[in-house]
Amino acid sequence: MLLANYFQTGWRNLLKNKLFSLINIVGLAIGLAACALILMFVKHETSYDNFWQNADKIHRSHVTFSIPGRDPMHATSAPGPLIHALKKDFPEVEYATRIGGWGPTINHNGQVFVEQIKLVDADFAKMFSVDVLAGDLELALSDNSSIVLNESLAKKYFGDSNPLGQVLSLDFNFFKKDFQVGAVIADTPRNSQLDLPALILIDESAWEEQNWMFHGWFSVNAQLYFQTQQASDLDSINRQFDDFANRNFPKMPIGGDDAKASDFIKLSAMNIQDLHLNAIGFGEMRPQGSKTTVITFSAIAMLILLIACINFMNLSTAHAANRAKEVSLRKVLGATRSNLITQFLGESVLMTLISVLLAFVMVELALPFYNETLNQELVVSYDPSTIATLLGLAISVGVLSGLYPAFILSGFRPATVLKANKSAETGASLRLRAALVIFQFAVSIGLFIATSVVYSQMQYAKQMDAGFNKDNMLVVNRVSREEASNKRELLLKEIAKNPQVTAITYSNETPGNTNENNTMMRTPEMAEEDALLMGQRAVGYGFFKAYEINLIAGRTYDKNRADVSPTDEQLRAGEKFPGSIVINESALRRFGFKDAQSALGKTLITGRGDPEENLSVDLTIIGVVDDVHFNSLHATIRPEVYPLSADFGNSISVRFTGSPEQLVKDVETLWRQEIPGVPFSYSFVEDNIAELYQSEQGEATMFAAFSALAILVASLGLFGLASFTADRRTKEIGVRKVMGAGVFDIVKMLMWQFSKPVMVASLIAWPVAFYFMSDWLEAFVYRIDTSLIIAMCGLAALFALCIAWVTVASNSIRVARANPIKALRYE
Amino acid sequence: MITIKNLSKRFTTEEVETTALNNINFDIKQGEFVAIMGPSGCGKSTLLNTLGMLDSPSEGHYLFNSEDVAGYSESQLASIRKKNIGFIFQSFNLIDELNVEENVELALLYHNISKSERRQRVAEVLEKVGISHRAKHMPSQLSGGQQQRVAVARAVVGKQRLILADEPTGNLDSEHGREVMEMLQQLNKEGTTIIMVTHSPEHAEYADRVINLFDGEVVVQDLRAVS
Ligand SMILES: Nc1ncnc2c1ncn2[C@@H]1O[C@H](COP(=O)(O)OP(=O)(O)OP(=O)(O)O)[C@@H](O)[C@H]1O
Ligand SMILES: [Mg+2]
Chain A
1 MLLANYFQTG WRNLLKNKLF SLINIVGLAI GLAACALILM FVKHETSYDN FWQNADKIHR
61 SHVTFSIPGR DPMHATSAPG PLIHALKKDF PEVEYATRIG GWGPTINHNG QVFVEQIKLV
121 DADFAKMFSV DVLAGDLELA LSDNSSIVLN ESLAKKYFGD SNPLGQVLSL DFNFFKKDFQ
181 VGAVIADTPR NSQLDLPALI LIDESAWEEQ NWMFHGWFSV NAQLYFQTQQ ASDLDSINRQ
241 FDDFANRNFP KMPIGGDDAK ASDFIKLSAM NIQDLHLNAI GFGEMRPQGS KTTVITFSAI
301 AMLILLIACI NFMNLSTAHA ANRAKEVSLR KVLGATRSNL ITQFLGESVL MTLISVLLAF
361 VMVELALPFY NETLNQELVV SYDPSTIATL LGLAISVGVL SGLYPAFILS GFRPATVLKA
421 NKSAETGASL RLRAALVIFQ FAVSIGLFIA TSVVYSQMQY AKQMDAGFNK DNMLVVNRVS
481 REEASNKREL LLKEIAKNPQ VTAITYSNET PGNTNENNTM MRTPEMAEED ALLMGQRAVG
541 YGFFKAYEIN LIAGRTYDKN RADVSPTDEQ LRAGEKFPGS IVINESALRR FGFKDAQSAL
601 GKTLITGRGD PEENLSVDLT IIGVVDDVHF NSLHATIRPE VYPLSADFGN SISVRFTGSP
661 EQLVKDVETL WRQEIPGVPF SYSFVEDNIA ELYQSEQGEA TMFAAFSALA ILVASLGLFG
721 LASFTADRRT KEIGVRKVMG AGVFDIVKML MWQFSKPVMV ASLIAWPVAF YFMSDWLEAF
781 VYRIDTSLII AMCGLAALFA LCIAWVTVAS NSIRVARANP IKALRYE
Chain B
1 MITIKNLSKR FTTEEVETTA LNNINFDIKQ GEFVAIMGPS GCGKSTLLNT LGMLDSPSEG
61 HYLFNSEDVA GYSESQLASI RKKNIGFIFQ SFNLIDELNV EENVELALLY HNISKSERRQ
121 RVAEVLEKVG ISHRAKHMPS QLSGGQQQRV AVARAVVGKQ RLILADEPTG NLDSEHGREV
181 MEMLQQLNKE GTTIIMVTHS PEHAEYADRV INLFDGEVVV QDLRAVS
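Sequence order for the protein chains is A and B.
Just so you know, we're using full-length UniProt numbering here: the first sequence kicks off at 1 and counts up by one.
Just so you know, we're using full-length UniProt numbering here: the second sequence kicks off at 1 and counts up by one.
Think of the hints as simulated: they come from the structure by calculation, not from any bench.
Note that the Cβ used here is the ideal one computed from N, Cα and C, for glycine as well.
It cannot be assumed that every hint is accurate.
Stated by the list, open to error - Covered, in the sense of this in silico footprint (three residues per stretch, anywhere, with C-beta under 8 Å from a C-beta of chain B), are these stretches of chain A:
1. 740-749
2. 814-821
Stated by the list, open to error - Below, a list of computed lysine-lysine pairs in the BS3-like style, where the Cα atoms sit at most 25 Å apart:
3. K176/A <-> K155/A
4. K83/B <-> K748/A
5. K822/A <-> K82/B
6. K115/B <-> K748/A
7. K83/B <-> K822/A
8. K756/A <-> K115/B
Put together the whole structure using the sequences plus the hints.
In structure tokens:
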């Protein structure tokens, strides 16, 4: 009953002090809402792959190739034969499976599709506790003519009819085969690094011709998962990996006779639950998360909540000044200190409860935008445990932030307050409040700096000259599929006829696709084992012109000249005429040529076919081009060579003018007519590039939004505080006016009073922000100058001052303009 | 120095209109010491505020040094007030957060006077009111009489020729009251014009002349009419 009474008094007090209550409740609600949104994200990001029954015992092996003179190359996939060696050498490995991917075409009921099919080993069924909706997974993965579909694919192909036993015909380009649906599994949950739309058993014999797929020790095409008897076995396996590599890898073609495999190849394994945030390397099935983002977001959540709590405390203690009389009178009338503490705590808990409700509304309203920006599908779960947690959080926030004001308020001495007729606030309480305000501003300024640095870097990345023209470039994919490959020349000719098209080319790689393709190359003067690893992007005729890549010296490939190098067959037959090669500026430096002119006509030697065959080909440098950023700015520009791929290419790139939609329509019509067996697939270079930055961009946006919220909450608090301060100083201001102070003098005085904490806060925030942000920038190879952070520091301080002034000005002017006799009269 | 002609002041609140001053006429000459008396609520403070240019009259003329300031804007009034008028209040109105010295200095702060000159003048005036040994004390550490002496110091440090005092002894016991009255008398002898509101006939005797207000109107304007 007493509790109800406290709530009632609390409620009346809320209504009586509308501004105070509003600022407190809204500020706290924003803080809680932001906090909840961030925690939902963090919870999701940290929950990856922890739902597998044996999650703690399932690990994935990674490979890092460290070639001298090159950035190490990290792969999340493993060489195909590694699985057999692993099972043989480590008895603690109970099961192991590769998960590779292929995109065969599926001809079904007269329609063609391309699907991502996962190629797995039989152990998969024993390791992964996937939800089997129909059929028998283990059985299906025990024979090489069964296929397992996930729910979505089963629906797509067979609708409501029973998919089990139905047949799908898959065209792998190298071979065609019919598969019988043996099981249907649930779609892989979002919080998994695995993506398993369809599974078939790896049949190594079917891939004999493409021996790099499962037989090459230096080609990584499938991920390798293994399950150990004990979770702790991971550490001991990781320790033995160097010896294991030296035992099993064949001799590398570099490093001389004494070289060991472990000098160049590092194997490592990581638990499946850690993959999402910690794995490094290319070849993931799904986008990874970022540990930094998770940590940064968690920190921001804490900061926002802290700022909101500080507001609560500051406003309550400041408000206390105005309630001093009430408190003293209550005491005179017999209230004990604990009565008062309970009353004030009741008030603050009531406020936090209202804030929680408001926060829920805010979260629900913000969630769609939040999900879209972060590319997530988070939902609020209203299960009892969540609600209990939130209520617990709210009550502890209420109690914690109410405790201090409660003690201050209840500690007033009635005699002092009633006699001196003043706030009775102690110097300590004023100083604490000043310190808390400084803290809030320091955080706000720090966040402002961080946000603007992140934003500037994004802007920089967007606007940086990548070395090629990414606009108005259509990429037509799947050109290397057999049916399309046969029609490539025709496609090129027909598309070029389109009046919208200004240039056309074909190539294996296009900007924005992050495939790693490398080759060893040397000059005739270099010893064979000193050959250098070069990035390699095979291009077709007209590539450099179509992409508008600047030619520094020489020429590019020309159909009318003998640029084509001998094929493997020709080499085997003993033919040895030279081909042509175009290299980039970094490669020029790497080979040690004096300048572009002098490199022209020089020979580069590179191996071909299987290493055992010892085939090699001479290539004459015909052109040197500018360094070009094909990948995101996180990556360095590597030394690259651009061999001519005269009759092979994955994609056709089309430079165009005018409407992209119209062009896509025209090209698609042509494709369907000429290549009905392969579904049309296209993209725009601009979008592919943007995709490299997509998650970063989304996170930057959210980071900015949360920073803005933190600053908003802090400003709200400052506004309330300024209003209290101005009120508290009414009498003083009246006296000053009678003494001749003008409105401007008064406003200036109050502004200055609130400028001081901003300046102190700046001094605290600057070094901290500088440290963290220069560190963050380190991750980008191409980045804005660190001196820009200093400029941002200045800007942030100015911005904070503006906020302080705006919030203070309105209150100051109000008080400063009031007729002084009013203030003095009612003393 | 001051001429009031047909001066009225009305307060209009939501429900009622109060006529605080009704058609008042009088003159005050340079160097005079005038007391204003009358029952509570008769308009004494209102009159003093109007004379002090903290408030404007609703009607009539207010000639200050032969300048009619009745229609002046707030900032015009403020600049005349700054140069000519010092104030003493019943409740002292010292600023709690500033010490004695700083409180007195406040009256010079907005007058474009150099820091060193301010210091010097504050020291002089604190000496004069006999409180220099307390210069660094906070107001809360002083007795009421001492606080009022600080307030007097603040009122005269600007060397204004007119001092308006609203019940300067209202919050003081008789001994401290007398101290303050003697101080005002001394200032008057040195040439300062003083207008003081008081409820105490005893303190009114220090004045050359008494203006009696009743319900917003001047009833008697002579000291002898009271005694
Ligand atoms: N700001 C105001 N708004 C409305 N009425 C006011 C205002 N100021 C004064 N009054 C009214 O004007 C009248 C005169 O008030 P004033 O303060 O001048 O009286 P006083 O003679 O100084 O009284 P006391 O001796 O108690 O100080 C009173 O009736 C008062 O209620
Ligand atoms: Mg009065």
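Tested hints:
no.: 1; hint: 740-749; verdict: holds (count 4)
no.: 2; hint: 814-821; verdict: holds (count 3)
no.: 3; hint: K176/A <-> K155/A; verdict: holds (23 Å)
no.: 4; hint: K83/B <-> K748/A; verdict: holds (22 Å)
no.: 5; hint: K822/A <-> K82/B; verdict: holds (19 Å)
no.: 6; hint: K115/B <-> K748/A; verdict: holds (19 Å)
no.: 7; hint: K83/B <-> K822/A; verdict: holds (22 Å)
no.: 8; hint: K756/A <-> K115/B; verdict: holds (22 Å)
When held up to the earlier numbered hints, the structure conflicts with none and fits them all.
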